[in-house]
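The chain contents come next:
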Amino acid sequence: DTAVSQTPKYLVTQMGNDKSIKCEQNLGHDTMYWYKQDSKKFLKIMFSYNNKELIINETVPNRFSPKSPDKAHLNLHINSLELGDSAVYFCASSQDLGDRNSPLHFGNGTRLTVT
Amino acid sequence: GNSVTQMEGPVTLSEEAFLTINCTYTATGYPSLFWYVQYPGEGLQLLLKATKADDKGSNKGFEATYRKETTSFHLEKGSVQVSDSAVYFCALRTAGGGNKLTFGTGTQLKVEL
Chain A
1355 DTAVSQTPKY LVTQMGNDKS IKCEQNLGHD TMYWYKQDSK KFLKIMFSYN
1405 NKELIINETV PNRFSPKSPD KAHLNLHINS LELGDSAVYF CASSQDLGDR
1455 NSPLHFGNGT RLTVT
Chain B
165 GNSVTQMEGP VTLSEEAFLT INCTYTATGY PSLFWYVQYP GEGLQLLLKA
215 TKADDKGSNK GFEATYRKET TSFHLEKGSV QVSDSAVYFC ALRTAGGGNK
265 LTFGTGTQLK VEL
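Residue numbers (this note's numbering), protein chains in the order written: chain A, 1355 to 1469; chain B, 165 to 277.
If we strip away everything but chain B, and leave its shape as in the complex, we get (with noise of 0.2 Å):
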């Protein structure tokens, strides 16, 4: 079956820091590739996404590319914002069982200034 793991947070950044939050994925099947952002109270909002091997998603400075060698698809921004705390969750989707979006667990983050 599909699966994401995700690095466990929370993940604690001062401003202007550099940002990694590690996924990587199992899939049965060619997957897509997606970051979704929780902001507090909030639902989900697609960040970035990415279709094939190689493919960088990017999106209000967050970047992620689809490593098939590697079966990963880190989350990395150069430098992070007290508005960028929120959670965080990489998640993909195969054709066939439902097309249904697998999610990791989420990583929160927090900034502070």
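Okay, chain A solo, but in the shape it has when bound (with noise of 0.2 Å):
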């Protein structure tokens, strides 16, 4: 069973367009983020949610909105995108929001493409 699942795998879109990343983790874990990874492989975080909650919110454009309708869930929605958001995006999960000894687990990635 995969640990932690992200729909789609690749998604292409034209600009200005809205789109939406599904996010799921059976791990039974309380903390869930978002990360983007940019064409030089940086990784920088987005947001992170501990039991639906929202915890960090990385100075993200508010054309990206998170949402976690529950603790297993946290999904991205993407508002009139642009072709800077071009990037693999990242799920991850991890057990403990306070334990800093507990590693995150992460999904597959999904690759946008903003033509």
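Read the hints as simulated data drawn from the structure, not as lab findings. All figures in this text were calculated on a predicted structure; none of them were measured in a lab. There's no promise every hint is true.
Unchecked claim - DSSO-like mimics (lysine-lysine), calculated; alpha carbons at most 30 Å apart, straight line: (1) A:Lys1425 - A:Lys1373; (2) A:Lys1373 - A:Lys1406; (3) A:Lys1373 - A:Lys1390; (4) B:Lys241 - A:Lys1406; (5) B:Lys224 - A:Lys1406; (6) B:Lys216 - A:Lys1373; (7) B:Lys274 - A:Lys1394; (8) A:Lys1363 - B:Lys220; (9) A:Lys1425 - A:Lys1363; (10) B:Lys216 - A:Lys1395; (11) A:Lys1395 - A:Lys1373; (12) A:Lys1425 - B:Lys241; (13) B:Lys224 - A:Lys1373; (14) A:Lys1395 - B:Lys220; (15) B:Lys241 - A:Lys1390; (16) A:Lys1390 - B:Lys224.
Starting from two chains that each stand alone, build the complex the way the hints lay out.
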């Protein structure tokens, strides 16, 4: 069974469109994250949620809106897509927000291409 | 704030060569340290971790020792294989600040026959 699963794996769309990426984890973890990986492989955190509550919002444009319907799901909705949004988006989860020793478990990523 | 510095890649080695990928960090508070690996087209997988000074993390022949005095966590492997070709990320996590994982820029490793 996949621990952290994201859909879709690939997303190709035009500028100005709105799209969503879904993420689910079956690890029973309390905390979930979205990371963005740019073309140079640099990884930057976007959001984190703990038990459906927003914990981190790293100066992400408000066109990006995460939604956590329950602690096993964290979806990412993006409005008015721009060329610069093209990247790979990774969902991740960890056991406990307060435990620095707890590693993050990552999904396989969603490659978003905006044309 | 927290930051991680890794050596730039790509690193190209012949099979069975010795590997070192350097990683140094700065952190507010006491960090836990991690190495993640990303194979082509895949997500990040935890390779190893160390949670306190002088701990050694190891997995699949890779090792890294948490050196507080030099704020380093260098990744080593005695004999690399073609299948080790991937991008390697050093990362740290501290308590507070949302406990986010802060990554280095990644080092691409290419192993040739």
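Cross-check of the supplied hints:
1. Of the supplied pair hints, the one linking Lys1425 (chain A) and Lys1373 (chain A) holds, its CA atoms being roughly 22 Å apart against a limit of 30 Å.
2. Restraint check: the Cα-Cα separation between Lys1373 (chain A) and Lys1406 (chain A) comes to about 21 Å, which is no more than 30 Å; the hinted pair holds.
3. Pair hint Lys1373 (chain A) plus Lys1390 (chain A) holds up; C-alpha atoms about 15 Å apart against a cutoff of 30 Å.
4. Between the alpha carbons of Lys241 (chain B) and Lys1406 (chain A) the distance comes to roughly 40 Å, so the proposed pair goes past 30 Å and is violated.
5. For the proposed pair Lys224 (chain B) and Lys1406 (chain A), the alpha carbon gap of about 36 Å is over 30 Å, so the pair is violated.
6. Taken as a hint, the Lys216 (chain B) and Lys1373 (chain A) pair is broken in the structure, with Cα atoms around 42 Å apart against an allowance of 30 Å.
7. Distance check on the hinted pair: Lys274 (chain B) and Lys1394 (chain A) sit about 16 Å apart at the alpha-carbon level, within 30 Å; holds.
8. Among the hinted pairs, Lys1363 (chain A) with Lys220 (chain B) is inconsistent with the structure: their alpha-carbon atoms are about 35 Å apart, more than 30 Å.
9. Between Lys1425 (chain A) and Lys1363 (chain A) the alpha-carbon distance is near 22 Å, which keeps this suggested pair within the 30 Å criterion.
10. For a cut-off of 30 Å, the pair hint linking Lys216 (chain B) to Lys1395 (chain A) stands: about 28 Å separates their Cα positions.
11. Proximity of Lys1395 (chain A) to Lys1373 (chain A) is assessed by CA-CA distance (about 22 Å); at most 30 Å being required, the pair is judged to hold.
12. Proximity of Lys1425 (chain A) to Lys241 (chain B) is assessed by CA-CA distance (about 38 Å); at most 30 Å being required, the pair is judged violated.
13. Simply put, Lys224 (chain B) and Lys1373 (chain A) have alpha-carbon atoms about 39 Å apart, too far for the 30 Å limit, and the pair is violated.
14. At most 30 Å may separate the alpha-carbon atoms for a hinted pair to count; Lys1395 (chain A) and Lys220 (chain B) meet this at roughly 27 Å.
15. A C-alpha spacing of about 29 Å is found between Lys241 (chain B) and Lys1390 (chain A), which places the hinted pair at or below 30 Å, so the restraint holds.
16. For the proposed pair Lys1390 (chain A) and Lys224 (chain B), the alpha carbon gap of about 27 Å is at most 30 Å, so the pair holds.
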